[in-house]
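Residue numbers (my numbering), protein chains in the order written: chain A, 52 to 239; chain B, 52 to 239.
For the record, the hints were derived by calculation from the structure and aren't laboratory data.
Among the hints, erroneous ones may be present.
No copy labels: a pair is met if it fits in one copy or bridges any two.
[Said to hold, decoys possible] DSSO-like cross-link-like pairs, simulated, lysine-lysine; straight-line CA separation at most 27 Å:
id, residue 1, residue 2
1, Lys103, Lys175
2, Lys201, Lys139
3, Lys103, Lys54
4, Lys175, Lys115
5, Lys175, Lys128
6, Lys231, Lys59
7, Lys201, Lys115
8, Lys114, Lys211
Please read these numbers as outputs of a predicted model, since none were measured by experiment.
2 protein chains.
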Amino acid sequence: MKKSIGAKTIIFPTPVLVIGTYDTHNKPNLMTVAWGGICCSAPPCVAISLRKATYTYNNIMEKKAFTINILSEDMVKNADYYGIVSGKNEDKFLRTNITPVKSDLIDAPYGKEFPFVLECRLLKSLEIGLHTQFIGEILDVKAEESILDKSSLPDMERLKPFSFDPATRNYFRTGKMLAKGFSIGREV
Amino acid sequence: MKKSIGAKTIIFPTPVLVIGTYDTHNKPNLMTVAWGGICCSAPPCVAISLRKATYTYNNIMEKKAFTINILSEDMVKNADYYGIVSGKNEDKFLRTNITPVKSDLIDAPYGKEFPFVLECRLLKSLEIGLHTQFIGEILDVKAEESILDKSSLPDMERLKPFSFDPATRNYFRTGKMLAKGFSIGREV
Chain A
52 MKKSIGAKTI IFPTPVLVIG TYDTHNKPNL MTVAWGGICC SAPPCVAISL
102 RKATYTYNNI MEKKAFTINI LSEDMVKNAD YYGIVSGKNE DKFLRTNITP
152 VKSDLIDAPY GKEFPFVLEC RLLKSLEIGL HTQFIGEILD VKAEESILDK
202 SSLPDMERLK PFSFDPATRN YFRTGKMLAK GFSIGREV
Chain B
52 MKKSIGAKTI IFPTPVLVIG TYDTHNKPNL MTVAWGGICC SAPPCVAISL
102 RKATYTYNNI MEKKAFTINI LSEDMVKNAD YYGIVSGKNE DKFLRTNITP
152 VKSDLIDAPY GKEFPFVLEC RLLKSLEIGL HTQFIGEILD VKAEESILDK
202 SSLPDMERLK PFSFDPATRN YFRTGKMLAK GFSIGREV
């Protein structure tokens, strides 16, 4: 029996995306967002949504660029911190001992210690309501060699990414492999 | 040491969203997409991206409505099947013994046997490239009572949602709770 629980912004899983930007004075900043996802295969694009009140919103508007950093389980504390505190008041790279590295492709920084990074050029921005959606074209993906498999693709067991549960606002580990995609469905 | 792996559409985790629509003859259809995510808190909105060639693309353009169904682990075979086969050729509800239920709010069906459903009214569509992004306003969320906790919020341990890995194209289980959000970051 289904029960209505109201117009809530809940899907599972929701990602934990750490956005890297520079401000007008080229101070690097990090901010965590959960509203986002891949939105086009060609050109390869990813969408993230931000409130106008955030420091990162202004940085993206100014520099037309951002990185998306995916963290491993052992850095969940960092990810949560980047979502709680504003870059207006703190140097979040410094506070968490993360080294800002300027992308060679766009005017945005990523974290040297982060295992997986997307470098994005702002393609479009769209006002929706409380949030503005930024669509970034993915110009390159950089990953620590230690998390790559033989095909140079990220290995989930090594990367150990985690997700956010918008219902309880807790972080969850990624579990074991469940099934092969574009394969198990052929049994239907 | 970071290695460039090219401009790939990879983030972790990526959701597995089963989209419910009606065609012009009111035949219900299901299609799985991985390109999507919540995109605004107020109004509550979710974005999904589809290629023009899909049956669901035309259905959404016609009916201006869709549901998003989140499935449990035990239905991974269904989710994979809905992404492999086109509704042009098959009745995917019938083939998988899922009962189409017309939403009381929008002109779209959901699966009676699916545990968690978002009912969405098309708000905007945005051409990006190969994919068109549809932004839906979430009008209601309906969930099986068996997956709800005492606060009437979905309980991840009961829902058992799974994710898609765009790198290896495999499905992964959701793991255990890792940390409390808006909390563990305060230790920094």
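Hint by hint, here is what the structure shows:
With identical chains, the CA atoms of Lys103 and Lys175 are at most 27 Å apart both within one copy (15 Å) and between copies (20 Å). For a Cα distance limit of 27 Å, the shortest separation of Lys201 from Lys139 qualifies neither inside one copy, at 42 Å, nor across copies, at 38 Å. In the homo-oligomer, the alpha carbons of Lys103 and Lys54 never lie at most 27 Å apart, since the shortest distance is 34 Å inside one protomer and 34 Å across protomers. Proximity of Lys175 and Lys115 under a CA criterion of 27 Å is satisfied in both settings, with 9 Å inside one chain copy and 23 Å between copies.
Neither within a single protomer nor between protomers do Lys175 and Lys128 lie at most 27 Å apart by alpha-carbon distance, with minima of 31 Å and 36 Å respectively. In this assembly of identical chains, the alpha carbons of Lys231 and Lys59 lie at most 27 Å apart only when taken from different copies (20 Å versus 31 Å within one copy). Taking the shortest Cα distances, Lys201 and Lys115 never come within 27 Å of each other, neither inside one copy (34 Å) nor across copies (44 Å). For a Cα distance limit of 27 Å, the shortest separation of Lys114 from Lys211 qualifies neither inside one copy, at 31 Å, nor across copies, at 40 Å.
Consistency note: the structure conflicts with the earlier hints numbered 2, 3, 5, 7, 8.
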